[in-house]
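Protein chains in written order, with the working numbering: chain A, 1 to 117; chain B, 1001 to 1215.
These aren't lab readings, by the way, just hints derived from the structure by calculation.
One or more hints might be untrue.
Pairs of lysine-lysine residues, derived as DSSO-like cross-links and limited to a Cα-Cα distance of at most 27 Å, are as follows [claimed, not checked]:
(1) A/LYS57 - A/LYS41
(2) B/LYS1076 - B/LYS1064
(3) B/LYS1160 - B/LYS1060
(4) B/LYS1038 - A/LYS97
(5) A/LYS41 - B/LYS1101
(6) B/LYS1038 - B/LYS1101
(7) B/LYS1038 - A/LYS41
Quantities reported herein were computed from a predicted structural model and do not represent experimental measurements.
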Amino acid sequence: MSKPEENRPLPFVTEDGDTVFGEAWQAQVLAMAENLISSSKITASDWSNILGAELRKADAAGAPDNSETYYLSALSALESLLLSNDHLTSDEIRARKEIWERAYLSTPHGQPVELKN
Amino acid sequence: MATFDTKNITKIHQALHSHLPSDSALRVKALESLLVEKGLVNSETIDAWVEAYSEEIGPKRGAKIIAKAWLDPSYKQRLLEDATAAITEFDYHGHATAHLKAVENTSSVHNLVVCTLCSCYPFSILGVAPNWYKTAAYRSRAVREPRSVLLEFGVTLDDKVKVQVWDSTAELRYLVIPQRPQDTEGWNEEQLAALVTRNSMIGTDRDLNSNRGEA
């Protein structure tokens, strides 16, 4: 099955940007995954398999074939792996995300955003 | 008397939201803060990794390995026999590269590396994989139609040149040793390393003589 032409990066070099990471969160996803592998909290093969599955899912759903899709898949893969290994629960992740969101909204612009203990 | 100015409230609401990071960034913040709290990762280590891979660790490391292999036949032999061990001479080892296998281009063989599953790549010697390496198009087409893919990268191969495609895994990754450019006798390691492109170590570049012309 061929993908719509606008989803195909042709030539490939058009996807070869100068910056290593488009946004900080993208780097942080890889950093967390690599550090969890280094400390044997997750295995490299589990990470590879779940990332592959997320990439296939994104492709099947017609997501654009670009780095944004790759890093979103990597983020979903990391969340799934941490949930399946019982390191985190989905309620914890959801609640923590809401806390961060509230912290951003309640912090004056320009001030560092921190979570209150 | 209090007034209810919907326009003003909408404006304030939008201003507040404009300071909010993206949904993905918030998900990452949630994950990182939870993992740090549980002692699963350390925020300094995460920051150090991001800094190293954003600025310091990149294909120049791989290029030094290739230049040494071109200059020192015994090093090339060690690299071909056991690349995982050979790169420790540069202190470039690490789990990010897992087991490494070096494959050599010759006048009759061209090597091309892909990860058909996800994006396995020898991070510690080439840095973060380029965006095209992670695309579904590259991951599927590099195996199915390597010559067409190479053509899109500007690599034209004679029909007699055999293409070998290597599929990386979490356990085994690959480094292509490109052919040494002609007329570089007497060049030192630094000069030679400057000719080695990242893509030539993945196999999507072949003729380094032409790169020299553009430099």
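Now for the hints, and whether the structure bears them out:
1. A/LYS57 - A/LYS41: Roughly 25 Å between the alpha carbons, so the hint for A/LYS57 and A/LYS41 holds.
2. B/LYS1076 - B/LYS1064: Answer holds: B/LYS1076 to B/LYS1064 is near 12 Å, not above 27 Å.
3. B/LYS1160 - B/LYS1060: Violated, at about 31 Å.
4. B/LYS1038 - A/LYS97: holds, 16 Å
5. A/LYS41 - B/LYS1101: Judged against 27 Å, a Cα distance of about 26 Å means the pair holds.
6. B/LYS1038 - B/LYS1101: Roughly 36 Å between the alpha carbons, so the hint for B/LYS1038 and B/LYS1101 is violated.
7. B/LYS1038 - A/LYS41: holds, 12 Å
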